[in-house]
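Colleague: Chain B is fixed; fit chain L onto it per the hints.
First to last, the protein sequences are chains B and L.
Counting from 1 along the first sequence, just add 107 to a position and that's the residue number in the working numbering.
Counting from 1 along the second sequence, just add 18 to a position and that's the residue number in the working numbering.
Hints should not be assumed to be uniformly reliable.
[What the hints assert, rightly or not] Computed, partial: chain B to chain L, Cβ under 7 Å:
1. Phe127
2. Ile167
3. Leu172
4. Ala174
[Said to hold, decoys possible] Pairs of lysine-lysine, BS3-like flavour, derived with a Cα cap of 25 Å:
5. L:Lys133 with B:Lys195
6. L:Lys160 with B:Lys195
7. B:Lys195 with B:Lys206
Read the hints as simulated data drawn from the structure, not as lab findings.
Remember, it's a predicted structure, so these values are computed and weren't measured experimentally.
No residue lacks a Cβ here, since even glycine has one placed at the ideal position from N, Cα and C.
Residues per chain, in single letters:
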Amino acid sequence: MTGINHYLVLSLILFSIGVFGVLTRRSAIGILLSLELMLNAVNINLVAFSHFLESITGHIFAIFLIAVAAAESCVGLAIIICVYRTFKDIRADNINLLKW
Amino acid sequence: MITVETVIFYTLSAIIIAAAIVVVRARNIFYAGLSLAVVLTGVAGVFLLLRAEFLAGMQVLIYAGAVIVLILFAIMLTQGIHRFENEPHNRMQFLALLSVIALSSITAFILLVHKWPLPVRKPIIPVWESLNTLETGRILVKEFALPFELLSVLLLAAVMGAMLIARKKGEGNDGN
Numbered sequence: 108m109t110g111i112n113h114y115l116v117l118s119l120i121l122f123s124i125g126v127f128g129v130l131t132r133r134s135a136i137g138i139l140l141s142l143e144l145m146l147n148a149v150n151i152n153l154v155a156f157s158h159f160l161e162s163i164t165g166h167i168f169a170i171f172l173i174a175v176a177a178a179e180s181c182v183g184l185a186i187i188i189c190v191y192r193t194f195k196d197i198r199a200d201n202i203n204l205l206k207w
Numbered sequence: 019m020i021t022v023e024t025v026i027f028y029t030l031s032a033i034i035i036a037a038a039i040v041v042v043r044a045r046n047i048f049y050a051g052l053s054l055a056v057v058l059t060g061v062a063g064v065f066l067l068l069r070a071e072f073l074a075g076m077q078v079l080i081y082a083g084a085v086i087v088l089i090l091f092a093i094m095l096t097q098g099i100h101r102f103e104n105e106p107h108n109r110m111q112f113l114a115l116l117s118v119i120a121l122s123s124i125t126a127f128i129l130l131v132h133k134w135p136l137p138v139r140k141p142i143i144p145v146w147e148s149l150n151t152l153e154t155g156r157i158l159v160k161e162f163a164l165p166f167e168l169l170s171v172l173l174l175a176a177v178m179g180a181m182l183i184a185r186k187k188g189e190g191n192d193g194n
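If we strip away everything but chain B, and leave its shape as in the complex, we get (with noise of 0.2 Å):
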């Protein structure tokens, strides 16, 4: 039987992974990736206590959530490509334009 801690160890260690990814990939896209896992990661939380609490509502979040991952990921790409033209290269840690 599930109960559920196991939804939210599940998230955690998933949000965990996608935490890791963002402090050490180079490659831009690699960041937008791992932050993908780490919007997943709230998603299964916020469905878990819906379904556990017998609540709708954190359907309607979850839902709300994919919408403005979806609009992040959109724009996101866009300022990659754009960085892209301007750079030919989209490791994060060479785009230093702005850095003191």
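Modeller: Chain L in isolation, oriented as in the chain B frame:
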């Protein structure tokens, strides 16, 4: 007691975690994008286990369909499929691992110690008898109608902004 649901949950978790590790560690960014599709489909399976069948469908349609295609296109437009990165990770790996382990162990300690005030469970209904799609649709256009409409404005703004950012300079007739 081992039920079918438990077995499915552990199988899905193993698939999700293995594919997520591939996403953050793969040398070829294209493989990372493809295994992100595996993660997203696995998360859709977890949604089904939690009786969120509408969300599972949306997850497959929007994430595993649209967002993955968008990401793969962006990879092909920038790095190319065949280019392996010599050094796909920066020099902070040990520090990052340390801080991630610290973060996750503190959070795991808190959430396993805490007693969630959950209501007493009703008998669990099978997925094919769940009425959550009906309920979700009803509440989405009644109580959450305004946020729902605002969300469509946000999506429109995001798409227009992405087109404006990503187009080449000098395209179109407006002389920009």
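Colleague: Each hint: holds or not?
Modeller: Hint check results:
1. Phe127: With a minimum Cβ separation of about 5 Å from chain L (threshold 7 Å), the hint on Phe127 (chain B) holds.
2. Ile167: 5 Å, holds
3. Leu172: 10 Å, violated
4. Ala174: 5 Å, holds
5. L:Lys133 with B:Lys195: The given pair, whose Cα atoms are some 52 Å apart, is violated under the 25 Å limit.
6. L:Lys160 with B:Lys195: 49 Å, violated
7. B:Lys195 with B:Lys206: Holds: Lys195 (chain B) and Lys206 (chain B) sit about 18 Å apart, inside 25 Å.
Violated hints, in rising order: 3, 5 and 6; the structure is consistent with all others.
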